[in-house]
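K.L.:
Chain residues, written in single-letter form:
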Amino acid sequence: MPALVLIGALILYPVAYAIWLSFFDKHSFFPASRWVGFGNYDRLLGDPEFWDSLWKGVVYAASTTALQLVLGVVSALLLHHPFRGRTAARALVLFPYMIPTIVAVIVWRWLLNETFGLVDYTLVAWGLVRQPIVWLGVDHIMTSLIAMSVWQFTPFVTLGVLARLQTIPLELYEAARVDGASAWARFRYITLPQLRAVMFVVILLRGIWMFTKFDTVWLWGEGAGAGAEIRTLPIYTYMRTFTYYQAGFGAALSVIMFLMLMAATLVYFGFFWREEEAAA
Amino acid sequence: MRRLYARLARALLYVGILGLAAQALLPLLWMLSTSLKPPREVLATPPTLIPAAPTLENFARLLNQTAFVSYFLNSMTVAGLTVLLTMAVGSAGAYSLTRFAFPGRESIARLILCTYMFAPIMIVVPIYILARRAGIVDTHTALVLSYSSFCLPFSLWLLRAFFQSIPLELEEAALVDGAGRLRALIYIVAPLALPGLIATSIFTFTLAWNDYIFTRILIISDELKTLPVGVQDLFSAAVVDWGLVMAAGMLITIPALAFFMAVQRHLIAGWGTGGLKG
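Those protein sequences? They're chains A and B, same order as listed.
Just so we're aligned, residue 364 is where the first sequence starts under the working numbering, counting upward by one.
Just so we're aligned, residue 12 is where the second sequence starts under the working numbering, counting upward by one.
Because the hints were derived from the structure by calculation, they are not lab data.
Nothing false has been slipped in among the hints.
Label-pair ranges, simulated between beta-carbon atoms:
hint : chain 1 : residue 1 : chain 2 : residue 2 : range
1    : A       : A454      : B       : T152      : 34 to 44 Å
2    : B       : A17       : A       : L375      : 57 to 67 Å
3    : A       : A591      : B       : L19       : 47 to 57 Å
4    : B       : E234      : A       : H444      : 46 to 56 Å
5    : A       : F446      : B       : I61       : 19 to 29 Å
Anything over 10 Å on all C-beta distances counts as not near chain B; from chain A, calculated:
hint : residue
6    : A538
7    : F550
8    : F632
Partial selection, computed: residues in chain B whose CB lies under 10 Å from chain A:
hint : residue
9    : R21
10   : W41
11   : M42
12   : M128
13   : I132
14   : I134
15   : L141
16   : R144
17   : T217
18   : D222
19   : V240
20   : V251
21   : V256
22   : I263
Virtual Cβ for every residue (Gly too), placed ideally from N, Cα, C.
Model the full structure from these sequences, guided by the hints.
P.N.:
Here's what the structure looks like:
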């Protein structure tokens with residue numbers, strides 16, 4: 364019991380404090396603070412940079428989640444087939460997810476380096492592009508960030524779907540085969556329905572985590588002349604707090620982020636339940 | 012015709028799997044290759060896939076001329092202490108969640124799931140201010156406490172699942188035989204919960220080992236920095252020394268991958284109970 368109380372204190376206190384803080388105009392370093400009520404929220408709604416970063420964050424989260432889901436399911440299906448060296452291949456595929464973010468970022472920044480990078484060199488050598496693509500420049504930085512994030516986080520989806528695939532009874536497929544169902548029909552009417560629940564969880568978690576992703580985005584942008592192009596909501600929150608020292612405003616941004624996630628989750632759950640009922 | 016079709020499908024499967032393995036592995040092999048090249052070869056055009064003159068020079072420079080060793084030790088200390096604290100508090104909490112009945116037990120479990128919605132970015136602001144108030148900014152204590160508070164919910168969730176799978180009857184039998192609760196805990200529950208404890212420790216360790224944001228915010232002195240932040244500073248230099256950076260990347264990756272290999276079997280089991288976060 365004391366442990367539980369301690370846990371509660373460790374987790375809930377910072378959250379409660381964030382909410383409290385968001386009602387103050389507070390400098391990040393100096394102790395002085397002034398009660399402003401909903402002032403921060405009011406300011407936030409009229410702040411074009413907030414809306415811009417929200418949009419960037421939604422674009423980033425939606426595109427990376429969608430791509431991870433498609434690629435993750437495809438790779439899980441591939442890895443579910445029996446072949447020699449399957450165990451090794453399964454472990455190998457998880458590598459990108461297990462390496463620290465800083466490593467994933469430096470490796471890809473090196474691969475995508477416009478002067479010495481392997482990717483641009485190959486593209487030019489094979490005649491696919493005439494000029495090296497400046498992947499980390501303003502035009503392509505969002506694209507390269509999305510690609511790199513999908514590379515890094517897809518294994519999570521693969522792992523989840525693969526774990527579920529292994530529990531689908533083989534008899535289902537045999538029965539379908541006897542009934543003359545094609546490979547596509549077996550996938551459509553057996554595999555997909557069985558994967559519904561796990562996909563529901565995976566979409567929810569990946570969506571939340573991509574929307575709140577900080578380190579990958581921050582490290583990707585720094586030092587490359589990247590400013591507003593990949594300033595997602597978490598980046599904007601960080602900058603308000605630690606670059607402009609507006610802790611109160613930063614806290615308000617965190618609270619808004621949390622409320623939006625809550626709302627999205629509830630809508631998502633409602634949607635899912637309605638579909639369940641319709642299916643039943 | 013039918014056999015041809017089956018063969019084609021088989022070939023496609025292998026191509027797909029090769030592609031899958033290649034995309035996961037090639038970037039890491041390229042890191043290895045670069046880290047073994049002398050500076051001039053690193054920037055060579057056309058790039059050499061396998062170093063023509065492999066050398067450990069980059070690693071030597073990394074260890075001798077940068078603070079890498081100090082970052083490494085800091086990361087080890089902080090991650091190790093986080094695991095100790097999280098496991099101590101987490102297993103006590105999980106034990107009481109599964110063994111004692113009290114009002115709200117189930118809603119606590121549900122509340123834990125809610126914390127999946129928190130990302131570090133949402134609690135760094137209050138944590139930073141609280142750390143300043145407590146006067147522990149720029150100490151490893153601040154890091155250990157914030158990692159623990161961040162890891163605890165999902166460690167608790169995971170441990171709870173493991174504790175639930177240990178039959179109560181075993182403990183009751185020990186109690187009937189005259190063992191105290193503590194002895195029952197040490198001799199009956201702990202050994203059975205060991206795989207769960209190990210898996211949870213690894214998740215906690217990886218989280219602390221990989222973290223960037225808390226160190227960036229809470230640590231100011233160079234000699235207290237952990238690996239991700241230290242390496243990022245190395246890499247933010249005006250002219251990036253790619254050989255050196257890749258060597259650093261190799262040395263950070265090795266412990267993470269070693270842990271991963273060690274718990275690979277538990278990983279799939281853990282996934283079902285919500286053991287992966289990030």
